[in-house]
Amino acid sequence: MIIKTVINGKTRTLEFEPGESLVSVLRRNGHTEVRSGCDTGSCGLCTVWINGKPTLSCATLAARAENAEITTIKGIGPEGESLAKHLVAEGADQCGFCSPGFIMTVIALRAEIKNPTEDQIKHYLAGNLCRCTGYAGQTRAIMNWLKETSHEIHR
Amino acid sequence: MKFIGKSVEKIDGMAITTGEAVYTDDQCTESYLYVHIVRSPHAFAKIESINVDKALSFRGVESVLTYHDVPNVRFTVAGQSYPEPSPYDRKILDEYVRYVGDPVAIIAADSEATAKKAEKLLRIDYDVLTPVLDPKEAEMSDSKVHPESDLSVHFDFGCDPSKNLAGTYEVGYGKMDEAFESCDVIVENEYSSQAQAHAMMETYRSLSYLDAEGKLTIVSATQIPFHVRRIAAQALEMKEENIRVLKPRIGGGFGGKQTIATELIGALVTMKTGKPARVVYNRKETFSTSSSRHAMHVNIKIGATTDGVIKAIDMQALSDTGAYGEHGWTVLMVAGHKSLPLYNQAVAARYRGKVVYTNKMPAGALRGYGVTQAIFAMESALNELADKLGIDPAELRLKNIIREGDHNPILEGSNEDAAAMLQSCTLNRCIEKGRELIGWNEKFPRQEMGGSKVRGVGMAITMQGSGIAEIDSATAEIVKNSDKSYTLKIGATDMGTGCDTILLQMAADALEVPLNQIEVVTGDTDNMPYDTGSYASSTTYVTGNAVLRAVKDLKMKLKEDVLLPVMGSGTFSGNTSPPPFIAGFAEVEVDTLTGQIALLNYVAAVDCGTVINTNLARIQVEGGLVQGIGMALYEDVQYTSKGRMMTDTFMQYKVPTRRDINDLQIEFVPSYEPTGPAGAKSIGEVVINTPPPAIAHAIANATGVHLRSLPIKPEDLCMAIRHNNAQNNSRVTLIPDLIHEIRMS
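Chains as they are written, first to last, in our numbering: chain A, 1 to 155; chain B, 1001 to 1745.
I should point out that these hints are in silico values taken from the structure, not numbers from a laboratory.
Treat the hints with care, as some may be off.
Claimed, not checked - Okay, derived cross-link-like pairs now, SDA-like style, lysine to any residue, Cα gap no bigger than 25 Å in a straight line: (1) K1116/B <-> F16/A; (2) K4/A <-> A1113/B; (3) K122/A <-> N1601/B; (4) K147/A <-> M1014/B; (5) K74/A <-> T1029/B; (6) K1120/B <-> E20/A; (7) K1117/B <-> A59/A; (8) K147/A <-> D1663/B; (9) K1117/B <-> S24/A; (10) K74/A <-> A1015/B; (11) K74/A <-> C1028/B; (12) K1120/B <-> S24/A; (13) K74/A <-> P1248/B; (14) K122/A <-> D1591/B; (15) K10/A <-> E1020/B; (16) K122/A <-> I1661/B; (17) K1116/B <-> S21/A; (18) K1006/B <-> S82/A.
What the hints assert, rightly or not - Have a look at the derived ranges for each label pair, beta carbon to beta carbon: (19) A1726/B <-> K147/A: 49 to 57 Å; (20) S82/A <-> R1123/B: 57 to 65 Å; (21) K1484/B <-> T13/A: 49 to 57 Å; (22) H123/A <-> T1306/B: 44 to 52 Å; (23) R64/A <-> S1149/B: 51 to 59 Å; (24) A59/A <-> S1111/B: 20 to 28 Å; (25) E1148/B <-> M1/A: 43 to 51 Å; (26) K147/A <-> E1519/B: 29 to 37 Å; (27) S1031/B <-> E17/A: 15 to 23 Å.
Glycine included, each C-beta is placed from N, C-alpha and C at the ideal position.
With the rest of the complex left out, here is chain A (with noise of 0.2 Å):
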């Protein structure tokens, strides 16, 4: 089947066949960027937005994303890379590949819930998984980012 649908920005069409997952045809579609880790939307790797909202997109047929408009890591500037240096200066990019799932979940709660309490950020990361940081270190990155932009939140 064939659908128009917005990704970072720019009007595409996909081709694909009925019953294809988002991630599978993102990726080829050249969006490497959307990564995949388990097939049963356990582990958070593929988060994408669609229409603003983070979702799993191994488990979102790709026929759902027509007219929709998607997001991925590469489509949202310089909030990304911002979150990123912190992981990066915390060590805790590691491997790496589960970065951009999480980099698109942590921005997304930014923008839900103001002043995120600890508690608040595992709750809501709760679905991304990670083997290699044990978590902590991820949790200080998120702290010293949201302390660092919490001007923009305000403003």
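Given chain A's structure and the hints, the job is docking chain B onto it.
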């Protein structure tokens, strides 16, 4: 030192976190054949016949390969230096299938859908055989997992397929019986640990193609590019010079990628078809058809005098290697070698082990490599011994542990004439520091929190090694280019740990130049010097030493006045494997009504020698602890009675999420290792070992129940507590049979 000991950022950090196309599968294009593996539904069977005609003529199918199509060569997929101490018991495809998921056929097609339709057109007849599923019954079983006559080994390590034995090992010193006779208190128990999964985020994958000159090129997320090249040459009957292995960035390894998974399958397809091929395991295949930790039953007997001097330790391990023997014997060996030296007061210490074949997924290398399993047994027994003696477990350890300058005959570097000396160790200070950080004196052993909640603290210590002495090696090359820049070429494989960065730090310090003046080149067997790969906690110590030698060599050459680029090179192979040490402390809260366990706090005091990169070392510790916490509490491996793994997705196999993790407190207590680069030892593996015994100890202190089988699940704990209350004993021990009995009653 300008860069060593600093928190230098990983040089690949921004690329990997922001979605650049730097991993294996990011390089795949539409021209690659989709490779699908047809897998055995039976735990043990012989393929009677297999008809591929219909599948092969299906539109879009390029190739269907069966055991008739593979070279008649047995090899091992263990990434170890040649000659490997693993049995040559595998073919790419074999007439026998030895576990549920063992490859039966390979279908290469234009798409996943085509390949899967073609699979349905295969006609396969199996002679279904009785599987061996319980390692305790393997030796006596009538079923032989490896009935073939052409299994071979390089030397005698006890491999005897007629008894389902993949290997045996024994090491020890002193007179065991005499030593136990001098003991006042003896503890003897069996402790069991599960076949933990690596669960790295990037599943197994590789691409293969023929380059412009017809050279077979394998792009793989591997920890062992040079071993992959050698084994591919062996398995495909090719020459190593005609194979090139490229390693892009790796999405986590943890030892899983020290064993070949996909590479030979894709390479075979490329050699048969001449076309590029892509093999990407899904998560289910990664869980159930790759490798895992070796599940082990460890029986330990440990004796001491009433004043707390440990006189004798006798350990016996039964390790389950599953269907194939890769890493089986070495994991078995390392388990004893890197646990027994901890208690140096013992006048007799012995370790004996067997590793057996069963019809389950093969085990392989996983962070800790046997030591994790041995430490769970040894440290749990130590804690039970302290309990029996009425001595504080921290004090009992301080009284008995090995210290810097001590000699121990099992330490790496020992020979028949002399016991090796431990050249760097702050374990005693680690115990003191960790005890202080957790608040041991106030909290030990338990605190009633009101209602059904009770808290307990527990502890464990561990050691590991730094590389494989006398066997593994690394070479590094450093070039001073015509301008002021340098190129550092290394063969170590950064799997996210940051070894490219720490090796750069070492080179920059030694050359006294800024970090950005040196370019690190890695990941290509045609363009990098030989390195056995990143495993066995080797990169900091082994490759690090090679880098320093290369810089030294370059500096010598630069003394002469030269204008052209100059290269320095250095090779290192250790004659020892200096152990890092950790003291770990856990605080848990248990709800005695439900058995629910919350880990409130974990403290690790770490001696890894000089800390090269403070942030990266800290993350290694935190990540390893959490993997160990998963092994202690969540990561359950279950098989059906017919031998199919049930825990093959993240929905069934629970790795810790961030909500499971509360405080992690890390403190480095550096020693200085004289043979290490700038005094450094390893950090990568030692970090996983303490949580299982320390958490089990904390739970025992909170509840009075010793659980000796991993993972410790709330339901088992709950039943054990009830049983304990019913018996009105202050202490009860729970074994799996007893759990079963309680469930039945």
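> Against the structure shown, which of the earlier numbered hints fail to hold, in ascending order?
Replying inline: Checked against the structure, no hint fails, so every one of them is satisfied.
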